[in-house]
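2 protein chains.
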Amino acid sequence: MSRTLEYPKTARNTVVRRGHRGKYDLETIHTLINTSLVLNVSFAPSPDTDEDFPVILPMIGVMGSFENPSAGLDEPLDCYLHGYVSNRLNNLVRKAHDAGKPGLPLCLSATKVDGLLLALSGFNHSYNYRSACLFGYANIVTDPEEIVYGMRIITDKVVRNRWDNTRLPPTKADIASTGVLRVTIKTGSGKIKADPPSDDKADMENEEMRQSVWAGYIPVTENLGEPVPAVYNRVDAVPEYVAQHRSDVNDESKQYSEELVQKVLQAQ
Amino acid sequence: MSRTLEYPKTARNTVVRRGHRGKYDLETIHTLINTSLVLNVSFAPSPDTDEDFPVILPMIGVMGSFENPSAGLDEPLDCYLHGYVSNRLNNLVRKAHDAGKPGLPLCLSATKVDGLLLALSGFNHSYNYRSACLFGYANIVTDPEEIVYGMRIITDKVVRNRWDNTRLPPTKADIASTGVLRVTIKTGSGKIKADPPSDDKADMENEEMRQSVWAGYIPVTENLGEPVPAVYNRVDAVPEYVAQHRSDVNDESKQYSEELVQKVLQAQ
Chain A
-18 MSRTLEYPKT ARNTVVRRGH RGKYDLETIH TLINTSLVLN VSFAPSPDTD
32 EDFPVILPMI GVMGSFENPS AGLDEPLDCY LHGYVSNRLN NLVRKAHDAG
82 KPGLPLCLSA TKVDGLLLAL SGFNHSYNYR SACLFGYANI VTDPEEIVYG
132 MRIITDKVVR NRWDNTRLPP TKADIASTGV LRVTIKTGSG KIKADPPSDD
182 KADMENEEMR QSVWAGYIPV TENLGEPVPA VYNRVDAVPE YVAQHRSDVN
232 DESKQYSEEL VQKVLQAQ
Chain B
-18 MSRTLEYPKT ARNTVVRRGH RGKYDLETIH TLINTSLVLN VSFAPSPDTD
32 EDFPVILPMI GVMGSFENPS AGLDEPLDCY LHGYVSNRLN NLVRKAHDAG
82 KPGLPLCLSA TKVDGLLLAL SGFNHSYNYR SACLFGYANI VTDPEEIVYG
132 MRIITDKVVR NRWDNTRLPP TKADIASTGV LRVTIKTGSG KIKADPPSDD
182 KADMENEEMR QSVWAGYIPV TENLGEPVPA VYNRVDAVPE YVAQHRSDVN
232 DESKQYSEEL VQKVLQAQ
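Taken in sequence, the protein lines are chains A and B.
Just so you know, the first sequence maps onto residues -18 to 249 in the working numbering.
Just so you know, the second sequence maps onto residues -18 to 249 in the working numbering.
Read the hints as simulated data drawn from the structure, not as lab findings.
Just so you know, not all the hints are guaranteed correct.
Computed footprint of chain A on chain B; a stretch qualifies when at least three of its residues, placed anywhere within it, have a C-beta under 8 Å from a C-beta of chain A [as the list claims (entries may be wrong)]:
no.: 1; segment: 13 to 25
no.: 2; segment: 110 to 117
no.: 3; segment: 212 to 218
no.: 4; segment: 233 to 247
One-sided and incomplete, this derived list gives chain A residues near chain B with beta-carbon spacing under 10 Å [what the hints assert, rightly or not]:
no.: 5; residue: L(-14)
no.: 6; residue: L54
no.: 7; residue: R143
In silico SDA-like cross-links for lysine to any residue, where the CA-CA straight-line distance does not exceed 20 Å [as the list claims (entries may be wrong)]:
no.: 8; chain 1: B; residue 1: K76; chain 2: B; residue 2: Y65
no.: 9; chain 1: A; residue 1: K76; chain 2: B; residue 2: R2
no.: 10; chain 1: B; residue 1: K(-10); chain 2: A; residue 2: P26
no.: 11; chain 1: A; residue 1: K(-10); chain 2: B; residue 2: E32
no.: 12; chain 1: A; residue 1: K182; chain 2: B; residue 2: N105
no.: 13; chain 1: A; residue 1: K76; chain 2: A; residue 2: V94
no.: 14; chain 1: B; residue 1: K174; chain 2: A; residue 2: Y65
no.: 15; chain 1: B; residue 1: K174; chain 2: A; residue 2: S67
no.: 16; chain 1: A; residue 1: K174; chain 2: A; residue 2: Q236
no.: 17; chain 1: B; residue 1: K174; chain 2: A; residue 2: P208
no.: 18; chain 1: A; residue 1: K182; chain 2: B; residue 2: D155
no.: 19; chain 1: A; residue 1: K235; chain 2: B; residue 2: P210
no.: 20; chain 1: B; residue 1: K235; chain 2: A; residue 2: R227
no.: 21; chain 1: B; residue 1: K82; chain 2: B; residue 2: S27
no.: 22; chain 1: A; residue 1: K244; chain 2: B; residue 2: E207
no.: 23; chain 1: B; residue 1: K182; chain 2: A; residue 2: T159
no.: 24; chain 1: B; residue 1: K182; chain 2: A; residue 2: P151
no.: 25; chain 1: A; residue 1: K167; chain 2: A; residue 2: Y118
no.: 26; chain 1: A; residue 1: K182; chain 2: B; residue 2: T152
no.: 27; chain 1: B; residue 1: K235; chain 2: B; residue 2: D217
Cβ coordinates follow ideal geometry from the N, Cα and C atoms, glycine included.
Please work from the sequences and hints to get the whole structure.
Structure follows, in structure tokens:
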């Protein structure tokens, strides 16, 4: 019998409010990270400066294991990050490494808004959403093979099967100019809200007000539009794997959205 | 003659790489914050604990001025945040306040992905995007009138003109149970990429490879779906302001997306 792996619940990651919305299983959290186009990556200001503010950078990230590339999303994985690694971020990572630390402490988060919940009271308005948060230690990937591994899974995250359909193999210059961070995950959590609108008892009993205030739900979806060729493209038609990726992503998004609409329509 | 207000450029917020993409004018940045359904709010771990990791919370936020409610988006504004204010966040804000600090240092960020740039080389893949980042000091709003002001502009951010069409006036219980943070902005920056795909010279000259690798662009849009009534809704039709908000948001999104597609198709 298989066991569902979960991130350990600690004071750090336990979803205190509305605890039933908290998700800790690796597959749910890793899937949210992998299907979000952008991750928000936060690091604290350097303790040896007088800077006040943490920083958030948008980056592309995907879960993977260089040691065990066939590992499933329900298994322990690292997060590979790509994007502009600023001098400051680079220096902080190096400094953490040189100080013998396990890496630079990062928080990674991904959030999808699935719909707007319009209650009778403005104070009960809310969103349906799916969010995931991971805490881990970042290091710069230096092994050329691991850089290529990271770029492969990041590229295939953007469009499934894209890597094998790009110009290959990578050159030494490609690899030398590419910054990839590997984040060793320490813990994480997810939170999913997938509810109909709801109101307080007093508002539900206010029949007169309810005749004039509309209560309902507006679905929100992210859609991939029709692919267009670059002016320098020489390939006649949009390749099948690109069209397939687009329709798969849009179908998944539409299906989840329709499930939520059914929940709203069928709530008692 | 009017002057365009900009956030001051400091080491903290200056966009070093691809500096031409950096945006500092208040209107651009405030518009990005206001039109993003969700903000990522980051705070550093408390310095008096041995915690390593910063935290990112998704929250709803909007720019406004309680003192000068008619101020435009091109004027200095505060950011009002709503969402679950965790005990930890609450305690950190109070602690900062009690220590005589101007508030808890936060980073707020908003990112929209506008399209996927598929270059010939996997290493030149990229996104078109719009992102904004604000740095400021958060305090808990305690004045009941300012709480109501914050909730009004947050609700109207979710759906334009919604507040006046909800159950009003707010009750004492509504106000007492609602956490609103006001963030006094110190500085900020934005970054916009709106480019066609591009590749290195060596790849552009590789005619054989170019016969087989598709290069192009996939637009990404966020769409509001058809509104559905809550089961307890008593109002016959979807109100005009809801339908109007939906079509305005979708039209703006479609128009910007089409501009980018034209840029891709017309690049030389």
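_Flag every earlier hint the structure violates by its number, smallest first._
The structure breaks hints 5, 6, 9, 12, 13, 27; every other hint is satisfied.
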